[in-house]
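> Chain by chain, the residues:
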Amino acid sequence: MAMTSSQSVSALSRAGSAKSVSVSQWLQHNQHKLVLPGLFIVALSIFAFSAPSFFSIDNQLNVSRQSVYLMLVALAQLIVLVAGGIDLSVGTIVALSSISASLTMSGVYQNGEGSAEWSIAMGTMVAVAVGGLVGLLNGVGTALLRIPSFMMTLGMSSVVFGVALYLSGGVPVYGLPPEFGQVFGYGYFLGIPSPVLVALLAIAAVYVLLEWTRFGRHLYAIGGNPRAATLSGVRTERATILAFVLSGVLSALSGVLLTARLGTGEASIGTTFPLESIAACVIAGAALTGGVGRTLTVVAGTFLIVMVQNGMNLMQIGAYAQTMVVGALLIFAMAFSKK
Amino acid sequence: MASLPRFDDEKQPRNGPGDGARPGSQPVLSMRDLGKRYGAHWALRNISLDLAPGEVHVLFGENGAGKSTLISMLAGANQATEGSISIGGFKGEFRSVSEARMHGVRAVFQEFSLVPNLSVADNIMLGDEAIGPWGLLNKTAVRREARQLIERLGFDLDAQALVADLPRGKQQMVEICKAVRAVPKVLILDEPTASLSTHDTEALFGLLRSIKAEGTAIVYITHRMEEIGVLGDLITVLRDGEMIATVPANTEESRLIELMSGRKLADLYPQPRTEVGGLRLELEQFSTEDGSVCDVDLQVREGEILGIAGLVGCGKSELGQACFGLLRRASGQLRLNGRPISFKHPADAISAGVWYSPPDRKRDGLALIRPALENMLVSALEFGKIQGMFLKPRAEAEATSRQSSKVEFPVGRIKENVSNFSGGNQQKVMLAKSLGQEIDVYLFDEPTVGVDVGARQSIYRYLHELAASGAAIVLISSDLPELLGMTNRIAVMRAGRVVAQFERNEFDQHKILEQFFE
Chain A
2 MAMTSSQSVS ALSRAGSAKS VSVSQWLQHN QHKLVLPGLF IVALSIFAFS APSFFSIDNQ
62 LNVSRQSVYL MLVALAQLIV LVAGGIDLSV GTIVALSSIS ASLTMSGVYQ NGEGSAEWSI
122 AMGTMVAVAV GGLVGLLNGV GTALLRIPSF MMTLGMSSVV FGVALYLSGG VPVYGLPPEF
182 GQVFGYGYFL GIPSPVLVAL LAIAAVYVLL EWTRFGRHLY AIGGNPRAAT LSGVRTERAT
242 ILAFVLSGVL SALSGVLLTA RLGTGEASIG TTFPLESIAA CVIAGAALTG GVGRTLTVVA
302 GTFLIVMVQN GMNLMQIGAY AQTMVVGALL IFAMAFSKK
Chain B
206 MASLPRFDDE KQPRNGPGDG ARPGSQPVLS MRDLGKRYGA HWALRNISLD LAPGEVHVLF
266 GENGAGKSTL ISMLAGANQA TEGSISIGGF KGEFRSVSEA RMHGVRAVFQ EFSLVPNLSV
326 ADNIMLGDEA IGPWGLLNKT AVRREARQLI ERLGFDLDAQ ALVADLPRGK QQMVEICKAV
386 RAVPKVLILD EPTASLSTHD TEALFGLLRS IKAEGTAIVY ITHRMEEIGV LGDLITVLRD
446 GEMIATVPAN TEESRLIELM SGRKLADLYP QPRTEVGGLR LELEQFSTED GSVCDVDLQV
506 REGEILGIAG LVGCGKSELG QACFGLLRRA SGQLRLNGRP ISFKHPADAI SAGVWYSPPD
566 RKRDGLALIR PALENMLVSA LEFGKIQGMF LKPRAEAEAT SRQSSKVEFP VGRIKENVSN
626 FSGGNQQKVM LAKSLGQEID VYLFDEPTVG VDVGARQSIY RYLHELAASG AAIVLISSDL
686 PELLGMTNRI AVMRAGRVVA QFERNEFDQH KILEQFFE
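Protein sequence lines correspond, in order, to chains A and B.
Converting from the first sequence to this note's numbering requires adding 1 to each position, the first position being numbered 1.
Converting from the second sequence to this note's numbering requires adding 205 to each position, the first position being numbered 1.
With the rest of the complex left out, here is chain B:
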């Protein structure tokens, strides 16, 4: 490595980050020629970036572009093969997360570092607990300090709740509380809003603005365009491990996507079909035993995409689960193609022609240690064309290549374990599972969470094709632009009930959002 030529002192990086944007302000942190190699493959090359105090620097790129590698090096979780990081008087690389922390760099990753069996307060104060007389834990002080912090941040969190009992969005907030307890010099956030409700997203943005004002530089990864506009100062686009450009945050979305993918993209959302057919799925005064869904009346037709919108916890996910036999019905009717149905097990639902795709692919969707092929065919073996007691390798190969091409998954990698794949490809494997058998009604719960724009477009095309082939689709999503773009109709849920429905010609972001809140 010593033989590497070093020109960095004379030469400004080609797409110099915000050069001249803030004259006189010393960068909080500088990266010079950072590179990371895995085997013969460079995951990242020639990254030179400066982070100015109080700057929100968005990293933008497809999955596998190198964003995660870059932030893991910044956070000390991963070591660079070449290049250096300077912060304060320090120059070199962080050998561990705690070394990065010592220099004031904190990261919130998508994989949480929480202890599920401890309370929110215990987690927030972990490693820095208040100690009382006799060296014993001062539990009241721990709780009080945590509560004060939560209050200051304006989060909707119960300090005494057990982390294991919290939904993902709340866990995310606990993680953020931990990171900002002592205001860091550099805060790294990896898709922090992916599972947050609108209210908590607002609180998070408020928090970010206030720590920004204190001079913290924020490195922010997101796939959501609207957040970039609201929060960002600069955007650095990465592609195939290289820095493509650093542009101001008000850059047009289409330009960003072009930079990111290296090609021009057509419209993200295919137009939904206007002509729809007969009734597929009908809910009449439908309620679940656990009360998460009450008195819901809904209908989805052949060829139609119905969007379900609402805050986290409004019952939209539970509605999908209830239609799939995962939650018990208390009262009301569920009808499929006109016939009343009642599912006790997902197997009943799938054989009747109803499919549910869960929101958390790692927890509920995929066996990560098994090959993509096996994951794709689990249900096809039971319900599809290749069913039978013994496996049929040739039929399996045909089925997987057909299913892969529908979701644009690289079929050459079908024998690799799912854990090797990027988020986008994992998601495609999970969605392809639904294609192994005859399905009339698809319930997709957050199908594009944590997925880059390229993969999102494939997923949208796939949903569109399913609808075009006569299936009815229920798209449950926290991403309102996605619903506005993809669906024929949007039903808004609040506290387990459907409170409003909007036809496509009535779509209005403001009016729909209003219905989210009482």
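Bound-form chain A, shown alone:
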């Protein structure tokens, strides 16, 4: 059929509008990818005006040091989210690990049975083992007893908090070896604050685990479609349990470092971690339905949250307002996340 001039003109105009359509469609389809960079830009521009000291090297070092504790918990949360679960017990695992680490350390140290090093090693091991045990229970409940992870970990968080209060009697645990705080709270190693070093190692480990190992691939497959994973021969129960154990271990590690920083064992720490860790993951694009989420973007998401808190401190905004902002951030991120 011969092309009349009116047709060719309309074809041209069609091609032109096609391009503009595709840009707006790209935005529509990829808005979830813009959440994190967008929030960074907004936060940084606000701080540039209202809190210029935010950008000092000292303060940046501060931000990275402050972000360590949430970072470990956010990584823990990510592992479980990728596998299609959610871990609401991360906060009280932090608390229980603080109590169990400090009770062990002060016990060993004060009895004069061991040196400071020995007591620190013992305390850390006990705390990590306790975290892993709670994770194991979470995993068994979820994978074998088929309790939804939301309920399993919500219930478990209450149980764990109760244990922490019971063990500590509700009061801070003193008597830690001073070296503990000196080395793991405020110390430096190779010119890097030692907690930051631990976080870097954890980031590297989780990154490799999720993106470069068979186990990681299996977690994404389970989160993507658990039935398909089972039928493909993946031992989904085993992998799910292991994901929760890792989450417990990482959270416990966070609790140990936080104890070193505070100098005492506290049952009251970690209460904001469940929400903040989920926010860090969701802002970074992890799906609550499982199967989606990347380690390095979650690291960025954690930074964002800690940065916002730090900036608000510099702007002398009170703790109550900060709590509101973190919740609002989570809701905002959910509104633009991929559903």
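Quick caveat, the hints were computed from the structure, so don't treat them as lab data.
Please note that the accuracy of each hint is not assured.
Pairs of lysine to aspartate or glutamate, EDC-like flavour, derived with a Cα cap of 20 Å [what the hints assert, rightly or not]:
#1 B:Lys-620 to A:Glu-212
#2 B:Lys-611 to B:Glu-643
#3 A:Lys-34 to B:Asp-495
#4 B:Lys-549 to A:Glu-238
#5 B:Lys-549 to B:Asp-495
Given chain A, put chain B in place with the hints provided.
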């Protein structure tokens, strides 16, 4: 869009739909120059069709040809970029499903609109429940009306059953009940028989004939040739978003396939090999704990394709699952290559060399939000040549390109999420999963459900090659022509038992069908 030239009033569409076929009968619905663009890509262009009252108009085309786009625009689920729809005095486009419904257009899609936690009756009457005194729900009336409707339609459905508990075929029937409760002017059906049993298919056809007699125009999408002959009046063939032709329903199958694919096709089914080897899989007096399979004796040999036929619910799917360790064995023996086996988990089965491919790819087969590559390699990582704790990107690329070429999947799209693909390509990804490791016995459960003829042919070639390379294949299917074409032998199941077996030289559609029923 306003600058578009409009000649439609002078010019009849090139392959005018049934022009002159029904002189004097006003079309129920007319489409003029419908087009839909996604980004720079036109999914559909220049569609002009008339639907006459009482006409069954079959849309035919490969996946991605634009059938789904077209019906979603007709049903109001999707809006056209250009063109218009006229029905009654209305001309324009439907902005929503409820607007389409207001004008008497109802659609039954493959994705159901049912609430799983409500009963069949509640679902059928949803949005139009009988209200009693005090504005409360009149539950007895709801149930009664639903039951009457089911009875009138002749479906085998329990009005009080929970939708979540029903198999897919029954859910499909509930969906159809919903659509025809008030007789629509235009009824759109997207592969309604894909999961129906023979009995329910008959009931559906009877129903369609009766609403056809009342003047409803039916738009019908199917990949099954025999249905076109039984039910259709006209066939419109779509290819790459364009109308290729509108032809009468008695057009030869080979001609239709040519129109659809734009090329001549060789025979759909490769001939099965006649020489078969030693025993691969053996079932002896095999029964499952849940009773869905009883006392089954079956054997499959190297290079053989064994077909399992039967109605929905006859236990043919459960038989496949039982061989894969998904259902517990109560008694009897399962032997693989002569050795007794017992699987507790699919992982045991795969490592022993047995593969099962489930019938519902979206529910059981694929992680849709993950890339094709990851889906293809899930089991290869555990059991195949690329196993190991750490991933090996280069070996993965090699493995996926090999697996993709075997099932004719476009390897260039291997990093895309599976949700982006058409049904045919999704199915190919699922089938390619089996190629990552050494497998002796493949159990394929409905491997061509909802797949166009082009993709079907690739799948058949793939099954044939697997058999030729020495594997034993069990093909579980509700598509009897497929079994007749592909297999060496057909076992018919009824109520969990194998009631008859036919060798290829005894194949006779009638005799086999007789065995489906008591």
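> State for each hint whether it applies.
Against the structure, the hints:
| no. | hint | result |
| --- | --- | --- |
| 1 | B:Lys-620 to A:Glu-212 | holds, 15 Å |
| 2 | B:Lys-611 to B:Glu-643 | holds, 15 Å |
| 3 | A:Lys-34 to B:Asp-495 | violated, 48 Å |
| 4 | B:Lys-549 to A:Glu-238 | holds, 13 Å |
| 5 | B:Lys-549 to B:Asp-495 | holds, 15 Å |
In this structure, only the earlier hint numbered 3 is contradicted, and the remaining ones agree with it.
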